[in-house]
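Chains as they are written, first to last, in the working numbering: chain A, 7 to 440; chain B, 7 to 440.
Hint data in this document are derived by calculation from the structure and do not stem from the laboratory.
From a predicted model like this one, the values you see are computed outputs, not experimental measurements.
Do not rely on the hints blindly, as some may be mistaken.
Since copy identity is lost for identical chains, a pair holds within one copy or between any two.
[To be verified] In silico DSSO-like pairs for lysine-lysine, Cα to Cα no more than 30 angstroms straight-line:
#1 K102 with K171
#2 K430 with K213
#3 K171 with K312
#4 K264 with K150
#5 K133 with K353
Number of protein chains: 2
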Amino acid sequence: MPKISGFSKLSKTAKVDWICKNYLASNKKAKETLANYWNTDSKLQKLHDEFTENTISNYYLPFGIAPNFTINDKTYVIPMAIEESSVIAAASKAAKFWDDKGGFKAEVISTTKVGHVHFNYEGDPKKLISFFDKLKPQLLAEAKPITQNMEKRGGGILDIELIDKTNQLDNYFQLHCSFDTKDAMGANFINSCLEQFGQTFEREAAKFEAFQNTLPEIIMCILSNYVPECLVRAEVSCPINRLGETTEEAHKFAKKFKQAIEIATIEPYRAVTHNKGIMNGVDAVVLATGNDFRAVEAGVHAYASKDGIYKSLTQVSLAKETFKFWLEIPLAIGTIGGLTNLHPLVKIAMEILGKPDAQELMKITAVAGLAQNFAAVNSLVTSGIQKGHMKMHLMNILNQLEASQDERLKAIEYFKTHTATHAKVIAFVEKLRN
Amino acid sequence: MPKISGFSKLSKTAKVDWICKNYLASNKKAKETLANYWNTDSKLQKLHDEFTENTISNYYLPFGIAPNFTINDKTYVIPMAIEESSVIAAASKAAKFWDDKGGFKAEVISTTKVGHVHFNYEGDPKKLISFFDKLKPQLLAEAKPITQNMEKRGGGILDIELIDKTNQLDNYFQLHCSFDTKDAMGANFINSCLEQFGQTFEREAAKFEAFQNTLPEIIMCILSNYVPECLVRAEVSCPINRLGETTEEAHKFAKKFKQAIEIATIEPYRAVTHNKGIMNGVDAVVLATGNDFRAVEAGVHAYASKDGIYKSLTQVSLAKETFKFWLEIPLAIGTIGGLTNLHPLVKIAMEILGKPDAQELMKITAVAGLAQNFAAVNSLVTSGIQKGHMKMHLMNILNQLEASQDERLKAIEYFKTHTATHAKVIAFVEKLRN
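Chain A extracted, bound-state conformation:
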């Protein structure tokens, strides 16, 4: 297969022509398919094309909504962008279940974000400390052109600390820098500050006579997506006896639910899938609101491993006859900057949520994660996960089989009382056809 030079400089049409000719020749309709996904509004399409390099089409994720969420006594409809068939249904179900039990409560615990200037220094640490004392006000002063807008909004640089890490890696030090980025996720802001720190640091180090020839050397300046001090907590609670038709059933459910969480706390094989379910809800909101799900995923999963073993992010308590179930996760997300003011569906998502600030969005997102986890564990300890999952995925399998309207209705009816598997759906439709 051919290579190409200067591909990114080509027009979109030329890019599509090249890929169709060289890599999609066996599919005569490929060009048409790619174009079918273009928006008919060419200005809108251009906006989406320019989000990134070498865009040739729009990848559709379903943009859906989960209604009936009560969070801190306010009603929300939560927008979700997610391809997994059962996620929105599960969220809606959990919202409804908790609606008459006080709904969800959520609070932001902290909002500090961090970044580092990572550097090497082989000399006397005392010299470094006296250099840093002199440097710190200069770092802050020279970052002013970057920070002044953020400061107007009440944010900015919170602190810069010198940290000696030489006990872990030879000659390795950091400037550990903390930030409040208000309603922005803040990656560009933090990285711009850090790179400015790097420049000031290098220039001043060269002038600092005590270093003589043993200058500190900067390795890199970069924000961290690990934000254990940018935390949000979401919770549901109710009297245990409200969890079932009878007191006995309710207590049995609560006990089994607690066992499921305990297993996810001590067994990483289970914890990973347990937390994956939480992230089904979290990422769906993160995507719909134009935030960066890789950043959120990395920070959340690292947080799940912070005690030396990877474990559940949700916890449960049954004390005082009360079922209490909560989630605590780090979430560095924003409601301004990035794609949030640019992607028209992100704007719609923000409007559906009542134009939240970053802290409110943190709460909503955490609630989506908790709701998802409640729904998943609820299914797991009762009917099993496949019933609900395959109910939603059934339509996909029927579409794949190009089932007629009549076949679809019969299959939907039949699989109301039979758990679907891929093979069973195929067999059912084939039987209808013969």
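Place chain B on chain A using the hints.
Same frame as chain A, now just chain B:
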């Protein structure tokens, strides 16, 4: 704000009407915006609507391509679905850099997936062991209707082991089940098998006389997204002196690059962002090929924490004057099932990749992750991350400012030699306008 009952039963139009009336009343164009994103081909739109519940529109992610990847001496164009502006550009740059240095090598190390029947048992473990010995052939036999198609493709159930976990949690045991799911990601297959195991287990336990009244109780049956035995490795290598214009420059770069990886190995704050960069590449391919990025993310990050400290997934060696840089990650992804045969752009993505099987897709995906990490660390230890990042994000800021063609051209020219920040781009355009 109002709640609603039976929302999922409404038609899409009725759903859109409800949300527009109740949650988007301040935006007179909301309905139009949502509809603008519908595909004009109503059959195609219906397919996408049915991916999940309560779909009201299509969320666009840019679908782009990164050309010029050499992987195991074969040329690939890698399709990527990703909103972050610099990811495809970085991938393309890394592909080009390694192209004349032997390209990327990748190998699948293992392909075993796992799932568990989690249960409690308060009786004598010896009774459980003798029960399990009797049960095991029955588990396999009764799962036959589910496994027979998979077995035709060479996969199926590999083993079922009884594991005593009571040293970690009172009365907790597992059936640890391993599977080969061939070209399917296999979540539905594994969960269907496990739920069948659960049914057989419960029925047989009730009949097993030695248990008397102390029956084992199943808590849940569920696959694990932690797949440390479904591993892939991607690698690049070249003589160190090929990394720069001069030998000195090349060695300096290699040393700094190694320091960056060492920092990401001992410092979780750095490791999280380092691995996030890897996942930028991995997820872009996972999304474009219709796989489940939450499953992949959870498994990969848990793997990064497996030694008790969260650390870098890439490693580097400079032995024998050779720069060797590699990534090892667990990847449970498929090329059949799920959305892969359903989403027309996923089909296109698979065709662009030459219709790979699951193992080939594992290799390609790992390479995308390694390429992304190489590009990121390369930028970090040389020019800094913001230059490349803001170069791509510049177009987004200009779109946000609704810059004219003339303003755009001037801004692009100016920021070729100046590092852009959000504030600087705004100031530049405002200056042009005054």
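Going down the list of hints, with the structure as the test:
no.: 1; hint: K102 with K171; result: neither (50 angstroms within a copy, 36 angstroms between copies)
no.: 2; hint: K430 with K213; result: between (75 angstroms within a copy, 29 angstroms between copies)
no.: 3; hint: K171 with K312; result: both (19 angstroms within a copy, 22 angstroms between copies)
no.: 4; hint: K264 with K150; result: neither (51 angstroms within a copy, 33 angstroms between copies)
no.: 5; hint: K133 with K353; result: neither (51 angstroms within a copy, 61 angstroms between copies)
Of the numbered hints listed earlier, those contradicted by the structure are 1, 4 and 5.
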